[in-house]
Amino acid sequence: MIKSNDRISPYQLAMIVIMAVIGAGAFHFINDAVMAGGNNSWLILILYGFVNIAAAWILITLSKRFPEKSFPEYIQEIIGVIPGKIVTIIFVGYLLIIISFEIREFTEVAKMFLLPRTPTEIIMLTLILTCVYVVRGGVECVSRVVEVLFPLLFIPFFLILLPGIGTVDLTNIFPVFRHMGSGTVKMLPQMPHAFRGTELLLFYIGFMKKPQKAYKPVTIGLMFVTFFYAVIILLSMGMFGVKGTTREIWPLISYIRNIQSPGLFMERLEGVALSLWVMTVYSTIVLGYFASSYSISKVVGTKEHRQYVLPLVIVIFYIALQPAGLAQLYDWGNLMYKYISSIFIYVLPLILLAIAALRKRGIKDYEKA
Amino acid sequence: MKRLSLLLVILIMSAALWGCWDKIEIEQRLFVLAMGIDKIEEEQKSIPEDRYVVSFVSPVVGALMGNGDTSFHTYKTTGKVFSVALNNMYTRFAKSLSFEHTRVLIFGEELLRDEELFKEALDSIGRSHEFHKSMYVFAVRGKAAESFELEPKYEKLLAMYISGLADNYKYEDRIAKQAAYEMYSDFANNNGNTLIPRLIAEKDEAKVTGVAVIKNFKLLGFLSGTEYKPLSWIMGEGDRGLIEVEHEGIYVPFEYNELNRKLKLDKVEGDKVFLTINLESEGALQEYIWGRKLLDQKLLRAIEEKLEKKIVALSESALEKFQQEYQMDVIGIRDYLIKFHPDVYEALKDDYETKFKDNISVKINAEVNIRRVGVTE
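First to last, the protein sequences are chains A and F. Residues 4 to 372 in this note's numbering are what the first sequence spells out, letter by letter. Residues 14 to 390 in this note's numbering are what the second sequence spells out, letter by letter.
With the rest of the complex left out, here is chain A (with noise of 0.2 angstroms):
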């Protein structure tokens, strides 16, 4: 059972969706979704958040037949107590490797323009170290914690993207429309790359008080994700050009670096861009270290989940420290995304969902119960 004071409120359930989406990721993401998108990525992607609203609302409909249950309890139910156990743990496993993947990510752009001559590292460690630390708080904690940062980062985040927009030259997007349907496909693996992170929303759903309002804040945060990476895949393409922003590998740091404002002072905004950024990979990192750390509480059947929390940091530290390089990185992050994301976003809940109908578990009008 969750306890009485761990509870989310719905706006929070808006923020932990906005914040645990929108990761270390976005940097890189622009340069895969313009790749294979071309200049109707933006396009394409605003479709794709559409496709992905769809896809949170089989989540909600899932969490929301097991009110104040989350997913590694209820799962036991729908699929009995081993299997479900399995499949936890491999979720968590997965979980552990998409927070390696976020830190590892980060640090190497931490290290290319902020930190060069800091040990990886250490700047990995410190990292981990602060997240512990919320995490230890438990659901209540974080969730305030991304509400919190949400408007700390967003806010002057817009406001340093702000000044470049002189330069952009809207008509990049021109041709509209051409190839999109193909487009449309090329793209599709990296959907997952983008929308990763809905699946932590089986583990927050049960925290709510009432899970069938969920729908509204969801729906909102997957909005304002869609329009985020609309917008930085617009600003990127009108700044470079459609092969121009394929040749960077962070389009979006190169956009803040080439921001020119009249006047000598704030010039340089890539240390200002990327240490807000440090916010949202945080809170991105926050959300899922909570949701194994308590999965695994759930797994083996302990009431809290604090203990689990410190020995899990040897984990992430040693998976974080496998990829050779960057080139590396982004091969294994390519194959996860494109594979294992997919599968926890889309395809096992709905398979849960049926097998839960079928076998008449929980309840189906939450309403009448």
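Since no wrong hints were added, every one of them can be taken at face value.
To give an idea of the chain A side of the interface with chain F (calculated C-beta under 7 angstroms), a few residues:
{"hint": "1", "residue": "R120"}
{"hint": "2", "residue": "P178"}
{"hint": "3", "residue": "R260"}
Result set (SDA-like, lysine to any residue): computed pairs, CA atoms no more than 25 angstroms apart in a straight line:
{"hint": "4", "chain 1": "F", "residue 1": "K275", "chain 2": "A", "residue 2": "V171"}
{"hint": "5", "chain 1": "F", "residue 1": "K146", "chain 2": "A", "residue 2": "F160"}
{"hint": "6", "chain 1": "A", "residue 1": "K246", "chain 2": "F", "residue 2": "G139"}
Please keep in mind that the hints were generated in silico from the structure rather than gathered at the bench. Quick reminder that beta carbons are idealized off the backbone N, C-alpha and C, glycines included.
Using the hints, position chain F against chain A.
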């Protein structure tokens, strides 16, 4: 026991707080304000493999505050690879190079003629995180290093002087301005063609006028400012400038505040493509002659017609030069076709440069509106 653990915690914490690997004091930094890259000549080589000469300008901070003699120093270094040349600086200076505030990047003529060397230097600057790309790029005749020998008469810092000159592009269309990222996106989106602003350095003065024409990463030649001006109109980069025409024996300068270019596809006949460029400008007449009235619509209309003819004639010759002689499209026709008429472009895609010469014909129209004539009649 409790005290011991407290002590341990404090010790560990203080150890963690040492961790400042990336701190460089501001006195330790050598701020590079301008940078020039040249191809090396035989007598400059320190080892036979050297290929680049890189020169820097950095300010003398103390002299800027007081009234020192020189407000900047220039440095030169050589190397086989561009980054090696940079790193060679560390063997000679007790400071670390900082490119955070670099404002000017100058390419020497010989470097621009050597495709491979130029591409390598381009990639090095484009790839490294140390260089930001909002600095201005220039090309010089002769050596880039030579332009750092000039001592500006009117300003203390050479780099600020040169970048300030380029910023004057908004007052006169003979001046071209290009930030490094614009050059990079030109290279990426336009098959390695671009125009780099030309810098002319004399003893105590510099001039920014005209452009260097780069086709496929190789220098084709330089255009003077007067040749570049009509080109900037048909490129859609006309901002402000003066055109003078002769009317009844009097030279009348017309100052335009905007010169809009509109590209339009007229028709496609077989493999021939017909386009129109419409140049619309608005502005004021600056002078006439003492005692003659200028505020007269008929007179103004006559002058407008002459201006239109002149604009068309100048633009056509500029276009002709690029279409027939250089065979490169810097005007943005390719870009326009890709964006708005992708089907038309599909047919021209292969071997576009020759098709640009043979199959595309462009008609130029001009429309001049004289709105004001100054404060006297």
